[in-house]
Amino acid sequence: MAIYPSSRDWRLANTDFLRGLTSWQVWTLMGVSDIRQRYKRSRFGQFWITLSMAVFVAGIGLVFSMLFNQAVSEYVPYLAVNYIIWTFMSGVVSDSSTAFVQGTVFLRQENLPKTVFVMRVLVRNLIALAHNIVIVPPVFLLFGVKPTWAIFLMIPGFMLMVVAAFLVTLVLGILSTRFRDLPQIIANLLQLAFFMTPIMWRVDQLGGQGWWVTHLNPFAIFMRIVADPIRGYVPDTWDYVSALVVIAGLTAVTWPLFARFRARIVYWL
Amino acid sequence: MPSIELVNATVDFPIYNTRGRSIRSTLLRRVGGAVSTADDGVTVMALRDVTLSLQNGDRLAVVGHNGAGKSTLLRVFSGAYEPSRGSAEIAGKVASLLDITMGMDPELTGAENIILRGVFLGMTIEEARRMIPEVVEFSELGDYVNLPMRTYSSGMTLRLAFAISTARAPDILLLDELISVGDNAFAAKARERIETMMSRASILVLASHDPKTLRKYCNRAILLSEGRVVTAGAVDEVLRAYGITDEDGGL
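From first to last, the protein sequence lines stand for chains X and P.
Residue numbering for the first sequence follows the working numbering, starting at 1 and increasing by one per position.
Residue numbering for the second sequence follows the working numbering, starting at 270 and increasing by one per position.
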């Protein structure tokens, strides 16, 4: 077996991607059904997503503002935005390991584009994000946080984050289907990443020697370009450059891997 | 024009999680396709060097013992398995009725399931929605269509699945045994519907153990054994090679 993808492999991978994107009806419906199914028959339905987020932010916000010696009115909004963005990022990464395994019945029977299952994971997590983000306006109102025009910078940051999320889901989805130990490793690393990313703590608490933690950690980079604008701060240009570098790196790994092993995914299920 | 072209198509499944010799010796030559033991683990060769060309009007019967590779071949035809060696070019809209309940969700209502499956069949959400009355009428679900599918009896679920799966005529139809659903009255209706679908399809592939069915619907046949095509030709000829004489009605 060849190690490098052939020109046919590249062509089929690109076709898969285009067909995958244009089958938006399929992945939207799958993503929505995933959410519906999870909360069907419960009284609050999918608003449990919102509710659990609100409880977490309120509880942790109160305790950690005391722990860190910070005003509740500053800490709670800070935590709320960060934790909501983090929930999206970690949700995508942890769901990525089951992206293809979850679609086994479909993949074994029909010739659906593989990227459909990647988009499904994104849709599912975007819906959850939409349910969580509604917490932010009341929190900002309650604690008197005024957004500035910088909030519009959230849009490019968010788009970059979604592109990265697509690539991460694809690459981890492929690898986790082949190597079934990977989901466990990912779950472990995610937990570590939670504490190594400025979500509950602030960058300035870290001090100068921890520069690498916040600048080489991709979660922290995407956190800054999405969360900072929401809070009214303009992210550093370097943050955008870093995000683009991360995306370029991901593409350089993901696309050849996808081209080479796209057809094999179904054999590994 | 719909067509299927297989050239030396081979499908081999690497089995990564079995290690050691015990599985090798027990699996070897008992059931299923050939199991080869390369250095890097066990590989199940589900299909080996299958070369086949199907054109408009071909009705192919696929016979063979359990594990001979019939289902795998159907899945190659559906485009789900791309051969690990060789090539498979499939042109045309394929419908595989291998698992008619595919993608149906018991928590969703009948109507929601119709939309979900319709979209998988390549319809837009709007088109799928317009299909609901027709499917409800055929499956005789009545008001149940607005209840979650988990409240259905297994027969009702199958009727619904059948009605959805056969709602649109494909170019290439793949069947693993003739599906029979429901009680006598419904089964007759279902048979009629599937026969219409079969006659309208440009290419039909039918895997079955029943010689009567195969003789009735097919005009050419292949016999699979250990993933290879051992005999190909007219239906009677292939059935003889499989060990079924003309007089035998049943198996």
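Keep in mind that the hints were calculated from the coordinates and are not lab data.
Be aware that a few hints might be false.
Far from chain P, by Cβ distances over 12 Å, these chain X residues were calculated [as the list claims (entries may be wrong)]:
| id | residue |
| --- | --- |
| 1 | 30 |
| 2 | 52 |
| 3 | 56 |
| 4 | 72 |
| 5 | 105 |
| 6 | 112 |
| 7 | 116 |
| 8 | 126 |
| 9 | 142 |
| 10 | 263 |
| 11 | 266 |
| 12 | 267 |
| 13 | 268 |
Cβ-Cβ distance ranges computed for the label pairs, FRET-style [claimed, not checked]:
| id | chain 1 | residue 1 | chain 2 | residue 2 | range |
| --- | --- | --- | --- | --- | --- |
| 14 | P | 393 | X | 185 | 49 to 57 Å |
| 15 | X | 185 | P | 326 | 38 to 46 Å |
| 16 | P | 284 | X | 72 | 42 to 50 Å |
| 17 | X | 105 | P | 420 | 53 to 61 Å |
| 18 | X | 28 | P | 454 | 34 to 42 Å |
| 19 | X | 72 | P | 393 | 47 to 55 Å |
| 20 | X | 155 | P | 482 | 55 to 63 Å |
| 21 | X | 69 | P | 393 | 52 to 60 Å |
| 22 | X | 187 | P | 324 | 33 to 41 Å |
| 23 | X | 190 | P | 274 | 44 to 52 Å |
| 24 | X | 28 | P | 449 | 53 to 61 Å |
| 25 | X | 256 | P | 457 | 52 to 60 Å |
Residues of chain X clear of chain P, computed beta-carbon distances all greater than 12 Å [what the hints assert, rightly or not]:
| id | residue |
| --- | --- |
| 26 | 14 |
| 27 | 26 |
| 28 | 27 |
| 29 | 32 |
| 30 | 39 |
| 31 | 103 |
| 32 | 106 |
| 33 | 179 |
| 34 | 237 |
Where is the CB? At the ideal position from N, CA and C, for every residue including glycine.
For each hint, the structure was consulted:
1. The non-interface label for residue 30(X) is inconsistent with chain P: the shortest C-beta to C-beta separation is roughly 8 Å, within 12 Å.
2. The Cβ of residue 52(X) lies farther than 12 Å from every Cβ of chain P, with a closest approach of about 21 Å, so its non-interface assignment holds.
3. Interface exclusion of residue 56(X) from chain P stands, the closest Cβ pair being 26 Å apart, more than 12 Å.
4. For residue 72(X), the shortest C-beta to C-beta distance to chain P comes to about 40 Å, beyond the 12 Å cut-off, and the non-interface label holds.
5. With a closest Cβ-Cβ approach of about 5 Å to chain P, residue 105(X) is found to fall inside the 12 Å limit, against its non-interface label.
6. Once the 12 Å rule is applied to beta carbons, residue 112(X) is inconsistent with being away from chain P; the minimum gap is 8 Å.
7. Distance check for residue 116(X) against chain P: the nearest CB is about 10 Å away, which does not clear 12 Å, and the non-interface claim fails.
8. Listed as outside the interface, residue 126(X) is consistent with that label: its C-beta sits roughly 18 Å from the nearest C-beta of chain P, beyond the 12 Å cut-off.
9. Distance check for residue 142(X) against chain P: the nearest CB is about 36 Å away, which clears 12 Å, and the non-interface claim stands.
10. The claim that residue 263(X) is not at the interface with chain P is violated, since a C-beta of that chain comes within 12 Å of its own (minimum 4 Å).
11. The claim that residue 266(X) is not at the interface with chain P is violated, since a C-beta of that chain comes within 12 Å of its own (minimum 6 Å).
12. Look at residue 267(X): its CB is around 6 Å from the nearest CB on chain P, not clear of 12 Å, so calling it non-interface is violated.
13. Some Cβ of chain P comes within 12 Å of the Cβ of residue 268(X); the nearest lies about 8 Å off, and the non-interface call is violated.
14. For residue 393(P) paired with residue 185(X), a C-beta distance near 40 Å fails the hint of 49 to 57 Å.
15. About 53 Å separates the C-beta atoms of residue 185(X) and residue 326(P), a value inconsistent with the hinted range of 38 to 46 Å.
16. Roughly 57 Å separates the CB atoms of residue 284(P) and residue 72(X), a value that falls outside the hinted 42 to 50 Å.
17. Against the hinted window of 53 to 61 Å, the Cβ-Cβ separation of residue 105(X) and residue 420(P) comes to about 22 Å, which falls outside the hint.
18. Hint check: residue 28(X) to residue 454(P), Cβ distance near 38 Å, so the stated range 34 to 42 Å holds.
19. Checked against the hint of 47 to 55 Å, the pair residue 72(X) and residue 393(P) passes, with Cβ atoms roughly 50 Å apart.
20. Taken as a hint, the range 55 to 63 Å holds for the pair residue 155(X) and residue 482(P), whose Cβ atoms sit roughly 60 Å apart.
21. Taking 52 to 60 Å as the suggested C-beta distance range, the pair residue 69(X) and residue 393(P) conforms, at roughly 57 Å.
22. Between residue 187(X) and residue 324(P) the beta carbon distance is about 51 Å. The supplied range of 33 to 41 Å is therefore violated.
23. Remark: the range hint 44 to 52 Å for residue 190(X) to residue 274(P) is upheld by a beta-carbon distance near 46 Å.
24. Checked against the hint of 53 to 61 Å, the pair residue 28(X) and residue 449(P) fails, with Cβ atoms roughly 35 Å apart.
25. Distance hint for residue 256(X) and residue 457(P): a CB-CB separation of about 54 Å, consistent with the stated range 52 to 60 Å.
26. Its beta-carbon lying about 15 Å from the closest one in chain P, residue 14(X) satisfies the requirement of being farther than 12 Å from that chain.
27. The Cβ of residue 26(X) sits about 5 Å from the closest Cβ of chain P, inside the 12 Å cut-off, so the non-interface label is violated.
28. Its beta-carbon lying about 10 Å from the closest one in chain P, residue 27(X) breaks the requirement of being farther than 12 Å from that chain.
29. For residue 32(X), the non-interface assignment is contradicted: its Cβ lies about 10 Å from the closest Cβ of chain P, within the 12 Å cut-off.
30. Taking the minimum C-beta to C-beta distance to chain P, about 10 Å, the non-interface status of residue 39(X) is violated against the 12 Å cut.
31. Non-interface call for residue 103(X) relative to chain P: violated, since the shortest CB-CB distance, roughly 9 Å, does not exceed 12 Å.
32. Once the 12 Å rule is applied to beta carbons, residue 106(X) is inconsistent with being away from chain P; the minimum gap is 6 Å.
33. Against chain P, the non-interface label of residue 179(X) is violated: not every CB pair exceeds 12 Å, the least being about 8 Å.
34. For residue 237(X), the non-interface assignment is confirmed: its Cβ lies about 42 Å from the closest Cβ of chain P, beyond the 12 Å cut-off.
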